Structure formats: C-alpha cells, structure tokens
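Engineer: Residues per chain, in single letters:
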Amino acid sequence: MELLKQLCQVHAPAGNEVLMKEFILDYVEKNKANWKVQPEVIHGEEFQDCLMLVFGKPRTAIFAHMDSIGFTVKYDREIVKIGGPRTKHRYALVGKDSQGEIECEMDVPEGSEKYYYKFDREIDRGTELVFKCDFRQSDEFVQSCYMDNRLGCWNALKVAETLEDGIICFSSWEEHGGGTVRYLGKYIYEHYGVRQALISDITWVTDGVKHGKGVAISMRDRGIPRRTYINRVIDLARESGVDFQLEVEDAGGSDGNELQSSPYPFDWCFVGAPEDNVHTPDEKVHRHDIQCMLSLYKYLMLKL
Amino acid sequence: MELLKQLCQVHAPAGNEVLMKEFILDYVEKNKANWKVQPEVIHGEEFQDCLMLVFGKPRTAIFAHMDSIGFTVKYDREIVKIGGPRTKHRYALVGKDSQGEIECEMDVPEGSEKYYYKFDREIDRGTELVFKCDFRQSDEFVQSCYMDNRLGCWNALKVAETLEDGIICFSSWEEHGGGTVRYLGKYIYEHYGVRQALISDITWVTDGVKHGKGVAISMRDRGIPRRTYINRVIDLARESGVDFQLEVEDAGGSDGNELQSSPYPFDWCFVGAPEDNVHTPDEKVHRHDIQCMLSLYKYLMLKL
Amino acid sequence: MELLKQLCQVHAPAGNEVLMKEFILDYVEKNKANWKVQPEVIHGEEFQDCLMLVFGKPRTAIFAHMDSIGFTVKYDREIVKIGGPRTKHRYALVGKDSQGEIECEMDVPEGSEKYYYKFDREIDRGTELVFKCDFRQSDEFVQSCYMDNRLGCWNALKVAETLEDGIICFSSWEEHGGGTVRYLGKYIYEHYGVRQALISDITWVTDGVKHGKGVAISMRDRGIPRRTYINRVIDLARESGVDFQLEVEDAGGSDGNELQSSPYPFDWCFVGAPEDNVHTPDEKVHRHDIQCMLSLYKYLMLKL
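Chains as they are written, first to last, in full-length UniProt numbering: chain A, 1 to 304; chain B, 1 to 304; chain C, 1 to 304.
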C-alpha cells in the first residue's frame, strides 16, 4: 500500500490536478517496463491536467478522477468548499502560499454556518487547503483522507500492470462540477470508437452495502446508467467469482453522469469499494473490498 | 386509440427503453408500407436504445421521449424514484425480476418520507417498478399512466403516416437526467444540417392552459427557447386554424433543454397537449387537444 | 459613456438577443474603419443571435454576454423571472406587445411570493418586460440597469479598437441557462485552435472586492477555473501595473461555467469590474474599475 499512501499525500484539489498528473506520469515512466503491454501515454495542453493510457486495441475505458475535495481561502480567514468536504472544528489542513508551507486548523465557531482557518499568520487569498494526510493501516482496513479517489487511481494503476486492451483516463474536477470527462470521452470515442466505461471511484457504506462484503457495483445513484450495460457487468461479475455487492441509491454522482450528458453515446457503470466516513480525513475502506475491486476490474477489462 | 393503449403498457422506465425501441421498430416495419414516404430507420448500439426515422429532405426534427417515470427497488423493501412520480399509498406497481412477474402495491407509511413496496416476497435489488396501466376512454377524455409521453410517441407515429420531409427522434432518459438528445442532435445536425426541433411531449393543465382548448405551444418553461423561432411557430399555428393555447411557465423542462445546452445551435419549441393528474397513474388528456396536437404537427412539419 | 448608455437601453432579455446583435453589427460596420485591425465578422442562423469578431491570428477569446435579466408575462397579470432579477414594488418595466409600447410598474403585494405588472390594459401572454433604463453618471460612478452585462460588451468593443490578435464572442442566454457558449467554443476551438478565454462580465462588490480598487480577477465562484491558467492571468496583471482585486466566492457563475462543461478543453478566467445593487435597475460601477477593466483586457489580449 506504499503507492496508495503516496497518492493520498499529493496536493491536487479540483482545479489544480497538475501534481497528480506529474506523479502518475513519473510512476508510469518508471514502472511500465514491467507491464504486460506498453501503453501509449496521451497528455498535453489540449487535455489540460488530465492524462490517458491506451493499451492495445481498447474496447472499454476506466475513468479515475485525480482531484480531491478541499477548501479555498476567501477573505478575513474564511474558507469555502471545493467539492463537498465535511467541516469539523480542529480538522488539520495543509497548503502552500507565497510565504511558504502551511499547516493549520479548521475553526468552526459554535452555531456558525461559516468556517475559518486558524493559523499564526494571514494566508494568501485563493490559497487551496486540503486535509492533512494521516495514513493508517490495520489487518482489515486502510484509512486516510482522499481514499476517494486516490484508491480509484491506485486501482487503475494496478490494472495497468496486466492490461492488454483498454484505456485508462485520469480525469479532473470530478468533485467540483466536472469539466474534463466530456472531452476525454470525445477523444476516445472519435479515435478508438470506445463507448464502454467503468468508473473507478469510491462509494459509501450504507444499509445495503457493507464493509468486507466485496466491491460495489452501482445499479444507480443520482444518475441511472443503461440497464442493458449494467446487466452485462453484473453477469460478468457473477461469472468472475469475485465478491460484489449491488448498490441502489438516488443520490451521489460520479464521472458517469458527465459521460451520460456528453454528446457521445457512452455506457457507464460505477464499480468501486465502499468507504465509511465519507469526505472526511478518516475515509476507511476494507482490504477485502479493495482486493475485490482490483480483481473485478481485471476480469471486466478482459471480458467486456 | 388502440396504438396508444399498447404504448402505455410497454415497460420502459428511464434507462431501460429497449422494449419501447423494439415495439416502435416492429410497428414501423409493419406499417410503413402504407405511409406516404418510406423513412430511413436509424438505430444501433451507437444510438443506445434510441431510434430515428428520416423522411425525404428534412428541415425539422420531432423529439419524442420513450421513457417513463417509475421506481427502483433499493434495500429493505424501500423504493426510490426514477424521474418524478407522485407517491400515494396503494398505487399499483408492476415489474419483473429473477423470480418472475410482479404486481404489487406502493406502501407509504403515514408521516414517512420514504416509500416501500408491499408484496408477498422480496423483490430483487435494482428491479424497476412502473405504474400498472389502467387505460380508460370516455367521449371527451383518454386517461392512463404514461400519457406523458406515450401520447407524444403516438403523435409522432401518426405524423409519420403522411410526413414527406422531416426527422422523428425517439429519445431516452428524458424523465431522469437526459443523456441521448445531445448525440441525436449531433447526428442530425452533422448529417442533415437540421437544427429546428419540435418537442412532442405532454404538458400540464394550469390556470392558463385548460382541457379542450387546443394543443399548448409553450413560450417558455424552466428553459427559454429563442423568441424568433417561437414567434414563427405561433404565426404558423395562427395560420393553420388549429386550436392552440400559449403556455408560459417558469418550471418544468423537456428534451428542449438538452438541445439548448448541446454544442449545436438548435432552435426548439415544446408543442403538446396538456394533461391533468401529472405523473400519476391517472394522467388525463382531452381528445380535442390530442387531435389539435396531431393537426398542428402535420402543419408545422410542412411549413417550418 | 454614450456607447454604454445606448447599450443599456437595448431590449435584449435572454432568449431574444436579436436587437443587441443588430446594434453591435451596425456599430462594428460604422466604426471598424478606425480600428487597428479589421476583424472578420461571423454570424448567421447557425449562430442563432450571436456574433463573433475574429482579429488576426487569435490565441485568446473574450466572451461577453449580450442578454439581460427581465420578466415574462404569464397569466392574470402575473410575471415570471428571466434570470434572477430582484423584485420590488413599483420598479418601472418596459416592453412591447401586439398593441404597442408598454411602460408599467411592478406590483409586489405585501407578503406575496408572486409578482405582477400594473398597467392600464392587459399585456399579451409571453411578452418580455425589462427594467426601464435610467442612466446616471457622476464623477465617480456610472449607474443603470444592465451594467451586467452591457458594460462587458462595451469593454469588448473598446478592446476591439486596438486588438491585433484575438476573438470576441458575443453570447446569448447567459442569464438564463446558457446555450450558446458551447457551440461558440466549438467553433473557435475547431477553426482557430483557441482554448483560452476571458469572461468580460460584471461581478459583485463584497467584503473582499470594493468599489474603486480596480478590476476583479475571479479565482473562483461556483465554478473553479484551472489554477495554472488563473496564475498566468494574475502574474500578467501584476506585470501590467493595472489595479486589480482578487475575488474568491463559492456562488455565482458565468459563461465560464459553460465553457468548463463543454466537450472542449477551455481555460477560462472571469475578469470584470464589480458592481453594487446587483440585478436591480440601479447597478453601480466605479469609473476607475471600468478603466482598469479595459486596460487589463488590452494587456492580457496582448500577452496571453
């Protein structure tokens, strides 16, 4: 889990994913020699801070978003949300501005609807603050901020080791309004005819989806994917022998929603391990669910 | 109204329109020999479960959404909405899962914000339930679930009988987030240069739009169409002699909104009969308004 | 400020921008001979009521929305909003219907959530009403309805005088759901490879952004632009010597959000003077901030 730990520590709130892009580019460069197939690495200004790995003759694309939730420094010590982080008095936050590194605390005055930073100096307007990473492992669980979605990225990089045919898209801004999946989708549809997608992201432990029972296949959240495609994914999951759980929600969303509303006919399915303590510094995922996620992705990328 | 009755009974909640697609394909195959012009029938995986009929040299496209509202089975007998159905204790629901056909009741405990199914066995997670069809006709009215939008589809299929130049797009997901109109619009704009649209859908009886006073032309709902185009439609409606009513709302939407936000310069106008008991099993439309809807579409497709 | 005064008086609520398009086309025709570079003027039905000016070899596009907020006449004297205008008893409204010119008052009954017009005759259903223009100037301020965004259009037309390389896009519907920026963006990306945008629009005076302190560069509002691009804009602003203020908000939006969610990889940054009395007939902007806006645009279009 060393790779996952490193990923969880990269500063990359929505809108500023450049360090995650560089981390992944560097990782791919150093490791791809050991992979079964050498991918084409696609990136550059016309993809902003996103990147894509194209293996063999792709039929299906994995989308893993690189960005995290966080906060932006406003005026008079106030901070505003990037995405939907939980706020709590004394959460540890880190960042960097023109005066250097910052490690500060969240200040949520009792009864206040606003939240502030508490630090020994003023922080530059517009500075991004993210949760300080406290990476914890036990026999059963892995816990840290940003399992959502550094674990989804980790999963994609692990799938890459043995992937023969397929695309991995590392996307941006998923936590805050989206904005890259439509042009990534456009590119892979126009260049490779690919319109099958798997969303490698982390979902919620709920009454119907529990820790340790396997990876979740989401039949719907706020968005409703095409039933024909979902049924194929579920049939293959059954065939695979991997533990999985079916999720049905009416809230929450993912890069899938953006593919859905793009001018390209993408089928998409969210497949990911569930976590507890969603959008806090303490996101917690069961090791068995992580292993099931990886196993199922390998199987699906082979069979879809 | 036999065709409308059949359409109202097809199971096709948003995300699973495949049975409506097959019904319409079959209907077109059996009936097109009697039509004035033989359309090109366009469908296939790159259009998911949608289909298009292209007649002659098209200038205008009719969009009719095939999907209905409904419910998805969640956990512990709870059901969640597909689109925005009304919920009421004892509404009859139908569906199908791995154990076979289902006919059950909605269970809305007093004071509860959640709703459940009541059935003699557990229903598979993710199963779709839709309103049971009770199709009723009187001298004045036709009443059933899903007049919205099986009546819009019926209208399009009736227009098809005499249509010389035009496109009919049968779309999906309109009731729940959309997702097909953008690629259908892309296709017809790029292949035929068509950017005029009429939205064949059902609207609401309100203080300003009454039963029996004619088809409604919507000057706006949540979305505001381009005034120049709306004025052309209204001028033609006046010229046609068909009874119509002008609608002005600030809520509600249609496939028109998706055309509006697509990267193609579509003009659109919602033209449809009004119904009472919106999004219930008892949607009720006046026969005169249905006839006016059909007559006005024939005129508009000729003159626009 | 004669040009600005004229722009503020043009009737062009969202969805009906045709008079603004004609005004600008006419202005360009009459004035371009005095401009440093003669632009290509792009418009026509495939751009609805929008228009574009293309100068030299463009690298960056200015987006200025032509539409205003307003009201649509519904039933029984009720009016509904176009965009988000403030409502207040006795605001003066103007428009035109089949019976001629209208000058009426807003009627907001105490405790009512609805609002009405008060006029000596019935107004046609669907008629658009806009704030009556009362253009006021002092040594320090310019005040009128629709500074948002006729001042953004004014700024673009002033930049045009000396612009050598760049595009100016006059867009529609910004105040109400958008719908043109995606195809304008598509066009300039596909034809000129341009994917850098500046949003010439008006923002709010707040605790962090004051009258007279210079043009605002928005680091974020509801949308979060790409940090790399924002940093380049801020660095150039520092270099320019022009007074500017950094804005950080978590609400509000602009044409930037539509570029963000388009299937094209646009970088965008909102740069505009702040106003007080937002979305009322009394929008008020400091003259120094207007001058800074124009100066900074000239510098950015040269250097970006």
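A hint or two may mislead.
With a straight-line Cα cutoff of 27 Å, these simulated DSSO-like cross-link-like pairs (lysine-lysine) come out [what the hints assert, rightly or not]: (1) A:K186 with B:K81; (2) A:K186 with B:K21; (3) B:K186 with C:K158; (4) C:K132 with A:K21; (5) C:K118 with B:K210; (6) A:K213 with B:K57; (7) B:K158 with B:K118; (8) A:K114 with A:K21; (9) C:K210 with C:K32; (10) B:K186 with C:K21; (11) C:K284 with C:K186; (12) C:K210 with A:K81; (13) C:K210 with A:K118; (14) A:K21 with A:K284; (15) A:K210 with B:K114; (16) A:K114 with C:K210; (17) C:K118 with C:K81; (18) A:K114 with C:K213; (19) C:K186 with A:K186; (20) B:K81 with A:K210; (21) C:K298 with C:K30; (22) C:K114 with B:K210; (23) C:K81 with B:K210; (24) B:K118 with A:K210; (25) C:K213 with C:K284; (26) C:K303 with C:K81; (27) B:K158 with B:K32; (28) B:K158 with B:K186.
Which chain C residues stay away from chain B? Per the calculated CB distances, all over 12 Å, these [stated by the list, open to error]: (29) T72; (30) G83; (31) D134; (32) D139; (33) T206; (34) R232; (35) P281; (36) Y299.
Derived Cβ-Cβ restraints for the label pairs, each shown as a range [stated by the list, open to error]: (37) A:S112 with C:K303: 28 to 34 Å; (38) B:G84 with A:G241: 26 to 32 Å; (39) C:D124 with B:D26: 43 to 49 Å; (40) A:Y192 with B:G84: 33 to 39 Å.
Just so you know, these hints were derived from the structure itself, not from any lab. What you are looking at is a predicted structure, and each value in this text was computed from that prediction instead of being measured. All C-beta atoms in this analysis are idealised placements derived from N, C-alpha and C, irrespective of residue type, glycine included.
Engineer: Run every hint past the structure and note whether it holds.
Structural biologist: Here's how the hints hold up against the structure:
{"no.": "1", "hint": "A:K186 with B:K81", "result": "violated (30 Å)"}
{"no.": "2", "hint": "A:K186 with B:K21", "result": "holds (26 Å)"}
{"no.": "3", "hint": "B:K186 with C:K158", "result": "violated (36 Å)"}
{"no.": "4", "hint": "C:K132 with A:K21", "result": "violated (51 Å)"}
{"no.": "5", "hint": "C:K118 with B:K210", "result": "holds (25 Å)"}
{"no.": "6", "hint": "A:K213 with B:K57", "result": "violated (57 Å)"}
{"no.": "7", "hint": "B:K158 with B:K118", "result": "violated (39 Å)"}
{"no.": "8", "hint": "A:K114 with A:K21", "result": "violated (32 Å)"}
{"no.": "9", "hint": "C:K210 with C:K32", "result": "violated (35 Å)"}
{"no.": "10", "hint": "B:K186 with C:K21", "result": "holds (26 Å)"}
{"no.": "11", "hint": "C:K284 with C:K186", "result": "violated (34 Å)"}
{"no.": "12", "hint": "C:K210 with A:K81", "result": "holds (23 Å)"}
{"no.": "13", "hint": "C:K210 with A:K118", "result": "holds (25 Å)"}
{"no.": "14", "hint": "A:K21 with A:K284", "result": "holds (24 Å)"}
{"no.": "15", "hint": "A:K210 with B:K114", "result": "holds (21 Å)"}
{"no.": "16", "hint": "A:K114 with C:K210", "result": "holds (21 Å)"}
{"no.": "17", "hint": "C:K118 with C:K81", "result": "holds (16 Å)"}
{"no.": "18", "hint": "A:K114 with C:K213", "result": "holds (26 Å)"}
{"no.": "19", "hint": "C:K186 with A:K186", "result": "holds (12 Å)"}
{"no.": "20", "hint": "B:K81 with A:K210", "result": "holds (23 Å)"}
{"no.": "21", "hint": "C:K298 with C:K30", "result": "holds (22 Å)"}
{"no.": "22", "hint": "C:K114 with B:K210", "result": "holds (21 Å)"}
{"no.": "23", "hint": "C:K81 with B:K210", "result": "holds (23 Å)"}
{"no.": "24", "hint": "B:K118 with A:K210", "result": "holds (25 Å)"}
{"no.": "25", "hint": "C:K213 with C:K284", "result": "holds (14 Å)"}
{"no.": "26", "hint": "C:K303 with C:K81", "result": "violated (40 Å)"}
{"no.": "27", "hint": "B:K158 with B:K32", "result": "holds (11 Å)"}
{"no.": "28", "hint": "B:K158 with B:K186", "result": "holds (25 Å)"}
{"no.": "29", "hint": "T72", "result": "violated (6 Å)"}
{"no.": "30", "hint": "G83", "result": "violated (9 Å)"}
{"no.": "31", "hint": "D134", "result": "holds (25 Å)"}
{"no.": "32", "hint": "D139", "result": "holds (39 Å)"}
{"no.": "33", "hint": "T206", "result": "holds (28 Å)"}
{"no.": "34", "hint": "R232", "result": "holds (26 Å)"}
{"no.": "35", "hint": "P281", "result": "holds (21 Å)"}
{"no.": "36", "hint": "Y299", "result": "holds (31 Å)"}
{"no.": "37", "hint": "A:S112 with C:K303: 28 to 34 Å", "result": "violated (42 Å)"}
{"no.": "38", "hint": "B:G84 with A:G241: 26 to 32 Å", "result": "violated (40 Å)"}
{"no.": "39", "hint": "C:D124 with B:D26: 43 to 49 Å", "result": "holds (46 Å)"}
{"no.": "40", "hint": "A:Y192 with B:G84: 33 to 39 Å", "result": "holds (37 Å)"}
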